[in-house]
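**Q** Listed below are the residues making up each chain.
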Amino acid sequence: MAESQQHLQAAVLQIADDHLILGHRLSEWCGHAPMLEEDLSMPNMALDLIGQARHLYAYAAVLEGKGRSEDDLAYLRTDREYTNCLMVERGNTDFAHTMLKQLYFAAFMKPFWSFVENSSDSTLSSIAGKAVKEISYHIRHCGEWVIRLGDGTDESAQRMQQAVDALHPYTEELFWCDDHRQACIDDGVLPAEHVVRPQWQTTINAVFDQARLSTPEVTFPLLGGREGKHTEEFGFLLAELQYMQRAYPGAQW
Amino acid sequence: MVDSLQTARQIAESVPDPELPFLTVQDLGILRDVKVECGMIVALVAPTYSGCPAVSVIEQAVQQALMDAGFEARVERVLTPPWSTEWITPVGRQKLLDNGIAPPQSGSNDDNAFFAVREVQCPFCSSIKTEKISEFGSTPCKAQYRCNGCREPFDHFKCH
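First to last, the sequence lines map onto chains A and B.
The first sequence runs 39 to 291 under my numbering.
The second sequence runs 635 to 794 under my numbering.
One thing to keep in mind: the hints can contain errors.
[Claimed, not checked] Simulated DEER-style distance windows between Cβ atoms: (1) B:740 x A:215: 36 to 42 Å; (2) B:783 x A:267: 53 to 59 Å; (3) B:702 x A:110: 28 to 34 Å; (4) A:178 x B:728: 40 to 46 Å; (5) A:267 x B:782: 37 to 43 Å; (6) A:282 x B:783: 44 to 50 Å; (7) B:740 x A:178: 16 to 22 Å; (8) B:648 x A:105: 35 to 41 Å; (9) B:782 x A:200: 34 to 40 Å.
[What the hints assert, rightly or not] Far from chain A, by Cβ distances over 10 Å, these chain B residues were calculated: (10) 669; (11) 685; (12) 698.
Just so you know, these hints were derived from the structure itself, not from any lab.
Ideal Cβ positions, reconstructed from N, Cα and C, are used throughout, including at glycine.
Here chain B stands alone, though its shape is the one from the complex (with noise of 0.2 Å):
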């Protein structure tokens, strides 16, 4: 069972998010744990934002994943402790950034990440100076920002 569950974690942490599908939910820290219950395999999926449509999608594809695999699987929804943008790991902040997407600051949990003005790099001339289109994006993740440096939009995943 040890083994097997090793593979419905390796399993479970490669799906991707729907919306942005070069992340994964291990990279997006949403995936908390990987469990055997009564020989059934339960995987521990934290929401992102409240109102996030892709949150039922991603639970659902969880499930799919290791059940596809042929595991007898459930996924459990964690509130405790709630997720924030600080879960997104290193590797997901570098794809992000590769993705064309100005990851989130860090220290998102403090109310000055989230009002105080602060710089947001752009992904692709590293140029700082840029300037918020709109708070608000495509997804509810996301704000629209300009580079003033090689005048390209992009996204620019908020704190949360």
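Chain A extracted, bound-state conformation (with noise of 0.2 Å):
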């Protein structure tokens, strides 16, 4: 594998990981939601990141060459071999986490992907291409629960902020850039830290100065998923994403 197909090859596993563990936190909302509609909206987003991460699963298996599949990538890897960012991997603990956490990544993919809708590699472009349109609703959906709940009852605000406080430190690791992530960004494939991070700023000021929310001082980011250092909870989100191909190996539907 060339040198550039390697870069390409861990940074989009990097990107698979995010959407399949985010998508895979979402999903444990089902039938757990505060109201239908959420019911409905938590599941049909959570669909949107596993289908996105599927589509960069299957194109890191082909760059790979090494006859993996799709499947093989999300279910048959050690907990230190994912490289997610460590927010997409934390508990759901109540809903305000849960929607700022959505948002927080959502306002990031969407500058994102509107740069490699437009980058050189045909693949990824039209990967890009509808997952910018479906992570636009999420941006909208969970921009305007963040903005009632923190503008909203005594309690509702008291727990955005929690939310605020608990997850900004973890931002920080979605614009982090390796060896690989840089030199993908040098081919034009993947946007540089400074085409994303003031569309991602702008989002989320319009959100919280509306949310009444403030964004505390991050002296600390925490880091680590990016080199497959991960929190305890993982293990416990791995144990049961691969329980059934660690069950019963090969198993299909």
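Once you've looked at the hints, go ahead and assemble the two chains, each given alone in its own frame, into the complex.
**A** Structural data, given as structure tokens:
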């Protein structure tokens, strides 16, 4: 595998892992939402993320060229081999945490996919062409909830602010750039931080202003996922995610 | 082979969507091409929503329909150019309307089509006094609306 292809494969795998793990976390809400409309919307958004993950894993498998399938990449790696950012694996905690986590991620992916849609890699640009529209719905839906809860009752405002305080230190890892990512940026396939961050910040500021939320000063960004160092919760998530393939190797629908 | 290709194309075109069975893959604009490769019929199908579970069901249905008609056939998934609701044909839009589903607005590749407040017309009484109940509906492609004219709830096929 050529060096540039190796970098691209690793970078695509990072994004695929973000989508699978966030989608899986969100799917845990299925049947537990506070209202029927949310019980429809959260699994629908989870489906979008997992669908995007499938396209990304399929592409990563092709780039790798070792005969592994999208399923092998999703289900048969160990925790240290997953390179998702830490934020996406954090537990759902409450509805405020969940909506905020989705918003942080969607607000990042929107400018990310907008760039990739016009990039030189035709497979990624096609995946981006669909994902950018799907993620736009996520921003609107989750943004509306963050505003409603942040600018809501004393209780909801307090819990929304707690979610911001807890999750904001994880957002720095969205912009993580290692050698793989940098090579893809240099090739014009993925966007550089300066392309994505201002738009992410604008979206978050617009929502937080209306939601009357304040952004905490982050002195110690929480990082590690991109290097395979995960939180304790991640092991429990993987145990459930991989159960079927571990217990019944090769099982198919 | 030209005649049989024509037949194969007609068979592939008429395969219905599993969740919107009054629409064919042709109406949805996801059948990109039908061609012959080494004596085998190859149908090129574009996926709709990234996470739509109907995508693989549609692919299997197209292949099965072709095989049932005696063709050696396979289906190839094509991502480029990406499908959007712009690909739904005028016939498809009319069928949606006839079945009580408000079709997506055209111009759906434009960000404004998503987020500007647009009027969604009631498929039953054509009133534009409608309101959104839920951004997400029974399938990934639909939102739920209610008509304040005739009071009927209805699905709206979202822009994609």
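**Q** With reference to the structure, classify each hint as holding or not holding.
**A** Evaluated hints:
{"no.": "1", "hint": "B:740 x A:215: 36 to 42 Å", "result": "holds (39 Å)"}
{"no.": "2", "hint": "B:783 x A:267: 53 to 59 Å", "result": "holds (58 Å)"}
{"no.": "3", "hint": "B:702 x A:110: 28 to 34 Å", "result": "holds (32 Å)"}
{"no.": "4", "hint": "A:178 x B:728: 40 to 46 Å", "result": "violated (29 Å)"}
{"no.": "5", "hint": "A:267 x B:782: 37 to 43 Å", "result": "violated (54 Å)"}
{"no.": "6", "hint": "A:282 x B:783: 44 to 50 Å", "result": "holds (49 Å)"}
{"no.": "7", "hint": "B:740 x A:178: 16 to 22 Å", "result": "holds (20 Å)"}
{"no.": "8", "hint": "B:648 x A:105: 35 to 41 Å", "result": "holds (37 Å)"}
{"no.": "9", "hint": "B:782 x A:200: 34 to 40 Å", "result": "holds (38 Å)"}
{"no.": "10", "hint": "669", "result": "holds (20 Å)"}
{"no.": "11", "hint": "685", "result": "violated (3 Å)"}
{"no.": "12", "hint": "698", "result": "holds (16 Å)"}
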